[in-house]
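In order, the protein sequence lines correspond to chains A and B.
My numbering puts the first residue of the first sequence at 25, with every later residue one more than the last.
My numbering puts the first residue of the second sequence at 25, with every later residue one more than the last.
What the hints contain is simulated information worked out from the structure, not anything from laboratory work.
Incorrect hints may have been included.
[Claimed, not checked] Within a straight-line C-alpha distance of at most 25 Å, the following computed BS3-like cross-link-like pairs (lysine-lysine) qualify:
hint	chain 1	residue 1	chain 2	residue 2
1	A	LYS123	A	LYS275
2	B	LYS247	B	LYS216
3	A	LYS123	B	LYS177
4	B	LYS247	B	LYS226
5	B	LYS216	A	LYS123
6	B	LYS216	B	LYS226
7	A	LYS123	B	LYS374
8	B	LYS109	A	LYS275
Note that the structure is a prediction, hence the values are computed from the model and not measured.
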Amino acid sequence: MIRTSQTILGSGDLLREWTARTIRARYQQSMLGWLWAVVQPAAQAIILAVVFTRVVPIDVGGVPYFLFAFVATAPWAFFAGSLTDMTDSLVSNMSLVNKIYFPREVLPIASMVARLADLAVAAAFFGLAVLFYDAPLPLGPLIAMPAVVLVHIALTTGLGLAGAALNVFVRDVRPILALVLQLWFYASPVLYPVEKVPASLRPYYDLNPMVGIIDGYRSILLAGALPDGRSFALAAGISVGICVAGYGLFKAVEYRFADVV
Amino acid sequence: MDAVTFEGVSKHYRLGLTRTSLPSLAAEWVRGALRPGTRTSRGDDVLWALNDVSFSVRRGESLALVGPNGAGKTTILKLLANITKPTAGRVHVAGRLSALIELGAGFHPDLTGRDNVFLNGAILGIRRTEIQRRFDDIVDFSGLERFIDTPVKRYSSGMIVRLGFAVASCIDPDVLLVDEVLAVGDAAFSQKCMSRIRALIKQGTSIVFVSHNLYLVKAACEKALYLSAGRCLCEGSTDEVIRAYEQDIHDERARRCAVEQAVPDHGGGIEITSVTLNGAPAAGGPGLRNDTPVDVRIAYVAYVDFGRAHVSAFVRRSDGIACCMLRTSRADIDIQVRAGEGVVTLRFEKLQLCAGMYYVDAYFLDESDAVVLTPAGVRSAWFTVAGDGLSSPDDSGVFEPGAQWAHQPAESRAPTTPVHATEGPARR
Chain A
25 MIRTSQTILG SGDLLREWTA RTIRARYQQS MLGWLWAVVQ PAAQAIILAV
75 VFTRVVPIDV GGVPYFLFAF VATAPWAFFA GSLTDMTDSL VSNMSLVNKI
125 YFPREVLPIA SMVARLADLA VAAAFFGLAV LFYDAPLPLG PLIAMPAVVL
175 VHIALTTGLG LAGAALNVFV RDVRPILALV LQLWFYASPV LYPVEKVPAS
225 LRPYYDLNPM VGIIDGYRSI LLAGALPDGR SFALAAGISV GICVAGYGLF
275 KAVEYRFADV V
Chain B
25 MDAVTFEGVS KHYRLGLTRT SLPSLAAEWV RGALRPGTRT SRGDDVLWAL
75 NDVSFSVRRG ESLALVGPNG AGKTTILKLL ANITKPTAGR VHVAGRLSAL
125 IELGAGFHPD LTGRDNVFLN GAILGIRRTE IQRRFDDIVD FSGLERFIDT
175 PVKRYSSGMI VRLGFAVASC IDPDVLLVDE VLAVGDAAFS QKCMSRIRAL
225 IKQGTSIVFV SHNLYLVKAA CEKALYLSAG RCLCEGSTDE VIRAYEQDIH
275 DERARRCAVE QAVPDHGGGI EITSVTLNGA PAAGGPGLRN DTPVDVRIAY
325 VAYVDFGRAH VSAFVRRSDG IACCMLRTSR ADIDIQVRAG EGVVTLRFEK
375 LQLCAGMYYV DAYFLDESDA VVLTPAGVRS AWFTVAGDGL SSPDDSGVFE
425 PGAQWAHQPA ESRAPTTPVH ATEGPARR
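The whole structure should be built from the sequences, with the hints applied where relevant.
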């Protein structure tokens with residue numbers, strides 16, 4: 025039976041092909057090509073470094089501010105870039121969605137995987153930057169890295185699938201997303217350390233799963249410690265919940281996509 | 025075994041949901057409040073794209089969907105392709121489905137033909153290893169060996185269609201949907217596609233075929249379904265169904281003619297009032313024989329003494345193809361039109377047409393044989409030509425000359441008389 029059992033699980037080939045197509049299409053006729061995966065978060069980190077070391081100095085605990093910022097801006101670029109691409113992925117391929125059946129989640133998930141490739145490039149660059157600053161990078165805590173990345177992927181996938189599905193029906197999703205991402209950036213510990221947040225606000229602040237995720241990256245890569253258990257567990261729980269809910273929403277409305285012309 | 029089952033399927037689309045933005049909704053609400061009498065447009069307007077349609081296609085069978093635009097043909101294909109779900113009823117497709125719809129829709133312009141073959145195959149749900157195995161066949165069929173590593177954006181639209189067809193058809197689907205795609209390529213490729221489709225049918229693939237070209241439908245399908253406004257009007261052998269459909273087209277035309285007839289056009293000074301064949305306005309049913317004479321009677325009324333004029337008549341096949349044009353300017357006849365009613369007759373000794381539906385169009389021209397005095401296509405007489413050929417699965421042309429075959433076999437030293445076989449007008 026070809027009809028009902030099709031999900032992303034049986035479509036590895038399609039996911040791979042579509043991801044390759046997305047990456048190639050993204051860097052078509054671009055001079056820097058995949059270097060953009062580094063340039064964008066690095067430039068953001070440099071700007072933040074200038075502002076928050078020279079203009080309004082922030083105490084980040086002895087780490088070079090550029091590294092402090094880059095371990096957050098690179099995952100943030102993955103997060104924001106994925107959500108934007110995923111939200112657009114169905115609408116910009118409506119001609120295909122209207123004509124041929126395939127598991128529709130392949131389109132948004134391929135957009136996310138393509139951004140994951142950028143994150144990998146940024147990670148390699150981070151390794152070079154660590155050597156340049158001669159910063160210590162203890163290898164032990166790196167064991168926890170896959171867990172943080174997986175939670176990050178789960179959160180991104182859930183939100184992105186929901187965004188992609190809703191955008192088919194209401195195009196307002198796209199501008200709303202841009203607005204939300206802007207606010208979310210400041211509500212996440214990208215340019216300041218988590219410790220700067222007043223303790224009284226922490227219970228609410230920690231409900232933002234990006235707090236646990238970014239703090240997780242920072243603990244492992246800069247402090248050489250495992251992530252804070254409580255805040256990371258909370259982030260993981262919320263992220264997995266969002267992932268399941270987003271996927272469920274997507275599959276529930278999947279068959280209405282073609283009816284919306 | 026049924027490859028495709030449609031059981032009491034209905035599908036409706038909600039209309040009137042085009043305006044959903046808040047400002048326009050607010051504007052509408054304000055308008056409604058100011059003028060309480062007017063109804064808002066957001067009613068429960070529902071379009072029944074399909075209404076209780078049932079049919080089935082067995083393995084290796086081919087079904088054509090015919091009907092006017094908006095009949096629901098594309099909706100059926102969408103339901104079969106699992107792109108959308110029926111509002112009511114059950115749709116079942118057994119086995120692997122492939123669709124020749126919007127060929128090359130998944131192609132990315134910046135990728136090469138090779139990359140796109142794999143990408144398009146993956147979209148159709150074919151494993152990479154299988155495409156690798158069939159890659160040479162696919163390229164071979166498309167005839168694009170030289171361009172396979174060229175980005176698709178440099179392809180012509182015909183090349184894209186060829187590659188798309190090659191991928192979609194080279195995977196031995198169990199069910200193949202074909203939607204009006206063969207009209208795109210050149211004639212040679214269309215032919216190649218048709219023979220590929222026939223080969224698939226022989227292998228046991230079931231085909232659901234949509235085309236407005238009834239001759240193509242006749243050539244490809246044994247069964248047909250005639251849809252109109254979401255309902256199934258008739259189902260049966262392709263010949264029967266197409267005849268019913270063409271009859272309806274003809275009736276519709278006749279109805280329109282009758283309406284136009286009520287408003288006589290005096291502009292040209294001459295008007296054709298009727299075109300009849302052997303005394304009848306149309307010859308449906310068993311139709312005309314190929315080998316008996318046919319009289320076309322063109323009755324006209326002139327409002328002025330017109331003087332010298334010419335008459336031309338087209339015999340056209342039901343799809344509009346002109347079979348022949350006959351003109352009085354080429355014949356030894358002088359037509360002097362005087363005010364009042366008159367009749368021009370045209371006699372065919374033998375029709376020499378293949379079995380099928382045809383119509384005769386006639387019009388008047390002025391003395392120079394260049395200015396048309398009566399609009400063409402307003403009066404036409406439809407007729408069917410009967411013959412043994414009606415049951416033939418493929419269309420083999422329009423013209424049936426009385427021709428003779430001969431064969432001179434090899435190894436015949438002694439001068440024997442050649443074997444003659446006569447092909448009569450009604451034989452194939």
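Hints and how they fare:
The hinted pair formed by LYS123 (chain A) and LYS275 (chain A) meets the criterion: a straight-line CA distance of about 18 Å does not exceed 25 Å. With a C-alpha separation of about 22 Å, the suggested pair LYS247 (chain B) and LYS216 (chain B) falls inside the 25 Å cut-off, and the hint holds. At roughly 21 Å between alpha-carbon atoms, LYS123 (chain A) and LYS177 (chain B) fall within 25 Å of each other, so this suggested pair holds. Between LYS247 (chain B) and LYS226 (chain B) the CA atoms are separated by roughly 15 Å; this keeps the pair inside 25 Å, and the hint holds.
Taking the CA atoms of LYS216 (chain B) and LYS123 (chain A), the gap is near 24 Å; set against the 25 Å cutoff, the hint holds. Of the pairs offered as hints, the one joining LYS216 (chain B) and LYS226 (chain B) holds, with about 15 Å between alpha carbons and a cut-off of 25 Å not exceeded. Of the pairs offered as hints, the one joining LYS123 (chain A) and LYS374 (chain B) is violated, with about 49 Å between alpha carbons and a cut-off of 25 Å exceeded. Taking the CA atoms of LYS109 (chain B) and LYS275 (chain A), the gap is about 13 Å. The hint holds against a cut of 25 Å.
Hint 7 from the earlier list is the only one contradicted by this structure; the remaining hints agree with it.
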